[in-house]
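J.: Here is what each chain is made of, one letter per residue.
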Amino acid sequence: MNLSIKNITKEYGAVTALSDLSLEITSGGVFGLVGANGAGKSTLMKILATLLKPSKGNCLLDGVDILKRPNMMRQALGYLPQDVAVYPNLTAPEFLDYIAALKSINAADAKKQITMLLEMFNLAPYRKRRLSEYSGGMRQRVGISAALIGDPKVIIVDEPSVGLDPEERINLRNIFMEMAKTRIVLLSTHIISDIETTANQLALIQKGKLLFHGTPTEFTKNTNGDMEAAYLSYSEGAASA
Amino acid sequence: MRAVFGQARADYIGKSRDFSFLALMALCLFGAFWFVPREIDGFEIMALQPDIFIQGGNPSWIPVTSALGLAFFLPFIAFFYLRNTIAWDEEIGMSQLITSSTVGNLRYLIGKFLAGTLLLFTFAVTVIIGSFFMALWHFPGQLLSLYAFLSPYMFLLASLPLCAAIAVLFGAVRFLRGVIGSIIYVMGVFVIMVYSMELENAGIFLRTVDVTAISSLMEIISRTAYEQTGYTIYNVMFIGGYGGDGGHQPTLPLVFEGLHFNSTDFIVFGTMLLIALGIVFISAPLYGLSKLLPKKIRVRKAKKASNTEISVTTRVKLSYSAVSPSQKNMWARGVFTEMKLMLKGKPLIWFLGCLAGITLTIFLEMNMVFSLVLPLLMLWLVNVFSPLGNREHNHDMLKVIATINGGTLKQVVYSLVAGLLIALTAVLPFVLRMVLAGQFIGVFVVLAGVVFLPSFALFLGEFTKTNRAFEVLFILLTYAAMNGVPVAMYMGCYEALSVVQGVAYLLVGASFGVAAILKRLPTAL
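One line per chain: the protein sequences are A and B, in this order. With the first letter of the first sequence counted as 1, position 21 gets the number 20 in numbering that gives the first Met the number 0; the numbers rise by one all the way through. With the first letter of the second sequence counted as 1, position 396 gets the number 395 in numbering that gives the first Met the number 0; the numbers rise by one all the way through.
Derived from the structure by calculation, the hints contain no laboratory data. There may be inaccurate statements among the hints.
[Said to hold, decoys possible] Short derived list, chain A residues pointing at chain B, Cβ under 7 Å:
(1) 80
(2) 84
(3) 97
[What the hints assert, rightly or not] Footprint (simulated), chain B over chain A, 3 or more residues, beta carbon under 8 Å:
(4) 47-56
(5) 88-94
(6) 101-115
The beta carbon of each residue, even a glycine, is placed where N, CA and C say it ideally should be.
All chains, full assembly: derive it from the sequences and hints.
T.: Following this line, the structure appears as structure tokens:
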């Protein structure tokens, strides 16, 4: 699969959140989107998730313009927003079943997949508790499960590791790496270590502009493999320019 | 003082945003409604010296009866509603913040007292306004003067600070927060009520400690009756039955022209307020002592440990099997999941209440079902319908739903159909009963109401993004319907079932539903 972002610009009045940004994202490995808070990552994610329309440019999923035909993207999409949204008076299986019903997945299939997802994200022991009793990290895992319900060919996750403990972070990375073999997985974060060992491709955005696009090896070429140093080097370079 | 008022304001706002506040306000309003003087077969309401004066159909007694009606249950509502606020502050850690600040126990409790008094005042004012409209609807052109209308409520308003202060005392002393405190309070109020109902007991002492204000109201009713008729009233029957078999048949009407207060009444007002303040002052050191006592800690039974282990050092084997969207029975599944969401978390008592209401629609007379049972049954369902159209906004779920193919549109339609099905389930036995009785216009009108109700909720929820608009408007609509305002009878009126009204509500309901769906359309495309 191929997701092609062409010359995207997003303006909010006088503020430019994204400026003439172009990227090619393919399946076969996790694509990491890195940038400081307010760099424009979430705006890009929302555009790709068909929640926002850009001011200029277009986005093609396997050659189909998703801005003109958003349902093409929605049929293939699993999306985790930055702030996980849940219905607090439901249990995790009930909530996931609700999402499955909206995704038109029949009850039997949904039940099987929900059981698997709860096991994958270590939520099975808490399946009878309401989401209002869950910690932030547990809710995050429920949100990721909701994104993975069905068979999304494009997975877009915005800051997925927020609130997760180290064990769960590693678990999550492994899951995304596995899924990315046959799917597009676009992971946005401002935590470099989240993508250090996971991403095959990464893009660095600052103030709505693309500073780097390539492999992690290319990214750290001048810093002996040090991701954070490379990140700072690119950011400072852009600031001084 | 700023700390006290700031805290009282925060407490008042916090409480008033709860659904329970609205529910209790509705309870007060509808509770007062029951006791308005009306001609009801087999019952007499507000009979003075029961075999002489009866006030059924006499509009001048509306404020007296609604004040008395409120006096019977407001002290209980006040106590159980306000007592837990201090315990709640302790649970959420607010009391730690207050203890570590310079506010101090006394100012903290005065804040609670003010907020409580204001909340009760809001309930009372709601009933006063409701009773005013009730008088307008039932007896057009027969209005009392403003003074005559408001005067019976004065004693009730004077008792509110006392109610709030007692709730503060019982909330401040940990020992009195539980069942023991409830028993002491309830028994105490019952004893006062029993004494208050006897006119000869209405001395100044009883009147100043009477949280119900019944003794003052009874005494002043008797005094007013004597001033106007010369009769000495020994007995007031608030509500009671009479049979046709030799029972008394009171006949004389007595027009109520407002209460005439004397100096004793003002002494009672003042003393009640002083007692209330005294209780709050006593509560402060008791609260301080109470905080020093060891807290009873409830130990929860430990959850069974999970057997699930996750390997974190090696790559996990992805146990994820792909599933594809299906087109089979998805409508039914979608509607069913929405229904589950709407009914989730409702306590058993709520379902029992529904069952009781539905049962009454089968057995009570049809006119009674139309005028009282159906409106109350639908009102019981208000918190099922009120999240329609706004739940997704309030929980920020639209950003997820909007990324699902056709998600926003499907969700809004599923939720509307789920609402229709719940409303239909509630009225179905009654509809079948009407079909068997050949009341086809009635069937049509009730079904129009079934379409109107969830559509109205969805429309308001979608456009206002809050459940409060529907809750308030629907309570007012029900109140008007129960008071016989024709245009408000969204499920019709038995005496005058009208196809036109049914068609009107059906069209309005359908328009609301379509408008809500159209509002969602841009996000779905």
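J.: Indicate, hint by hint, whether the structure satisfies it.
T.: How the hints compare with the structure:
no.: 1; hint: 80; result: holds (5 Å)
no.: 2; hint: 84; result: holds (4 Å)
no.: 3; hint: 97; result: holds (5 Å)
no.: 4; hint: 47-56; result: holds (count 3)
no.: 5; hint: 88-94; result: holds (count 3)
no.: 6; hint: 101-115; result: holds (count 11)
Comparing the model with each earlier hint shows no violations; every hint is respected.
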